[in-house]
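Visitor: Following the hints, position chain B against chain A.
Those protein sequence lines, which keep their order, are chains A and B. Numbered per my numbering, the first sequence finishes at 248, counting up by one with no gaps. Numbered per my numbering, the second sequence finishes at 248, counting up by one with no gaps.
Honestly, the hints are just simulated from the structure, not real lab data. A hint or two may mislead.
Identical copies go unnamed one by one, so any copy, or any two together, can satisfy a pair.
Here are the computed lysine to any residue pairs in the SDA-like style, where the Cα-Cα straight-line distance is at most 25 Å [what the hints assert, rightly or not]:
(1) K104 <-> A222
(2) K73 <-> R19
(3) K104 <-> G137
(4) K73 <-> G151
(5) K227 <-> A97
(6) K227 <-> R210
(7) K73 <-> A214
Number of protein chains: 2
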Amino acid sequence: MNDVIRAMRAHRSVRAYTDEPIPHEAVVAAVEAGQAAATSSAVQAYCVIRVTDRQHRSRLAELTGPQEKVAVAPEFFIICGDSRRHRLLAERAGERYEQKLEAFLVSVIDATLCAQNMVLAFESMGYGTCYIGGLRNHLAEVDRLLGLPHGVYPLYGLCVGRPAQDPGLRPRLPIGGVLFQDAYPQDDDLLESVAAYDAVYEQYLRERGATNPGGWSAAMAGKFASVTRPDIADYYRSKGAVLD
Amino acid sequence: MNDVIRAMRAHRSVRAYTDEPIPHEAVVAAVEAGQAAATSSAVQAYCVIRVTDRQHRSRLAELTGPQEKVAVAPEFFIICGDSRRHRLLAERAGERYEQKLEAFLVSVIDATLCAQNMVLAFESMGYGTCYIGGLRNHLAEVDRLLGLPHGVYPLYGLCVGRPAQDPGLRPRLPIGGVLFQDAYPQDDDLLESVAAYDAVYEQYLRERGATNPGGWSAAMAGKFASVTRPDIADYYRSKGAVLD
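Isolated chain A, as found in the complex (with noise of 0.2 Å):
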């Protein structure tokens, strides 16, 4: 195993961190390591807001949970799908920028190939990371809090900082429920490699102090039956994404 292999499968998401600030050099580093990631016919169809107003991180704590560690995290970065730049170029050529579905997958995926690469980075730096998928549960308060203007829109955030924990591993489906090949699994076979995964996932939720926790099939039933941020398709509707 080499040394990029062994850093990605390092990976835990940290939520505590020391007050160790980041230099600013790291910062750059790692955004440029996210840069550096590929993207679709090279549109770059994001950006990173780093958020430093505390008062805005404060309230982004609240919004986001509310979570103790956006505010706190000595960063914390806000990860945007972005068609501004595209936008603004089409009008300035007298083009029209017409697009559907496809834009906004294309940002979402763009944002995200930058946006694991900056956690790579960080954490090879020796920093924890923590994305904040719970950004989205006020985004229209989130966006007026930044003041984001037409054609951009935050996906997720992400805490970054020394940790001050070791949370351990969290096991994942075994390679057998997640690599096919040529065909995708009968029920049958695709609940059985399920199977195997419960008893890992409940002990390691027992290790971390659960009692009675119940594996990942009931996680997940559990999980599913009611329905999720509801309203975040009118907010990137709202935007200028457009779902159709």
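Guide: Just chain B now, with coordinates in the frame of chain A:
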């Protein structure tokens, strides 16, 4: 600069490969590195289909472009969003699977975190990679070819092989056009960062043999003036994704 960041910054999309086969252990190492990436609430809403069937590979090469490399690359993967496991588990537990855009978005983000780790893992082992967005040209036909069940939908492809070319690094927007502090820039400042980039981008294309290539601005204004892949939303909806 450490080895991990150096690996990321060396990324270029490689579109020609030697015939050297990729050992199965390398494929497993890359996919397991992919699985080690973060996943929203552990949902792992993706799967990876390794396509080895020669006839399928030839047909996929037509459907994606045509792009000959999809037929001849030593490995070709299809990265899919996957809610199948969640749906089966909900059904078995007597729960409903009831989701909106959020679940689709999570599947795209989860899949892409995994895919970017896979890319870096393969690159760290000396292989070259190329994401294949052209897989979205004819999604319904790709789906039929693979016989994908409800809840599983391709997002993009990935070619991997030992490089038989060095296309050089494609320049990216200056970091000042992507990383912003606390607020999104005014339009004029945004366009200023693009202006500096236009010349660099044009020079890159010229060095690769383009005559009178134009800059990034012209490429973007042209690209977004016509709707790209207008039918993909219908396809994703047909697989159970809700985009509202």
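Visitor: Taking the hints in turn, state whether each one holds.
Guide: Results for each hint:
1. For the identical chains of this complex, K104 and A222 are inter-copy neighbours only, at 20 Å across copies versus 36 Å inside a copy, given an alpha-carbon limit of 25 Å.
2. For a Cα distance limit of 25 Å, the shortest separation of K73 from R19 inside one copy, 7 Å, qualifies, whereas the shortest one across copies, 42 Å, does not.
3. In the homo-oligomer, the alpha carbons of K104 and G137 lie at most 25 Å apart both inside one protomer (24 Å) and across protomers (15 Å), since each shortest distance falls under that limit.
4. Taking the closest pair of Cα atoms, K73 and G151 come within 25 Å of each other only inside a single copy of the chain (23 Å); across copies the shortest separation is 44 Å, beyond that limit.
5. For a Cα distance limit of 25 Å, the shortest separation of K227 from A97 across copies, 12 Å, qualifies, whereas the shortest one inside one copy, 47 Å, does not.
6. Only within a single protomer do K227 and R210 lie at most 25 Å apart by alpha-carbon distance; the minimum there is 19 Å, versus 52 Å between protomers.
7. Only within a single protomer do K73 and A214 lie at most 25 Å apart by alpha-carbon distance; the minimum there is 22 Å, versus 49 Å between protomers.
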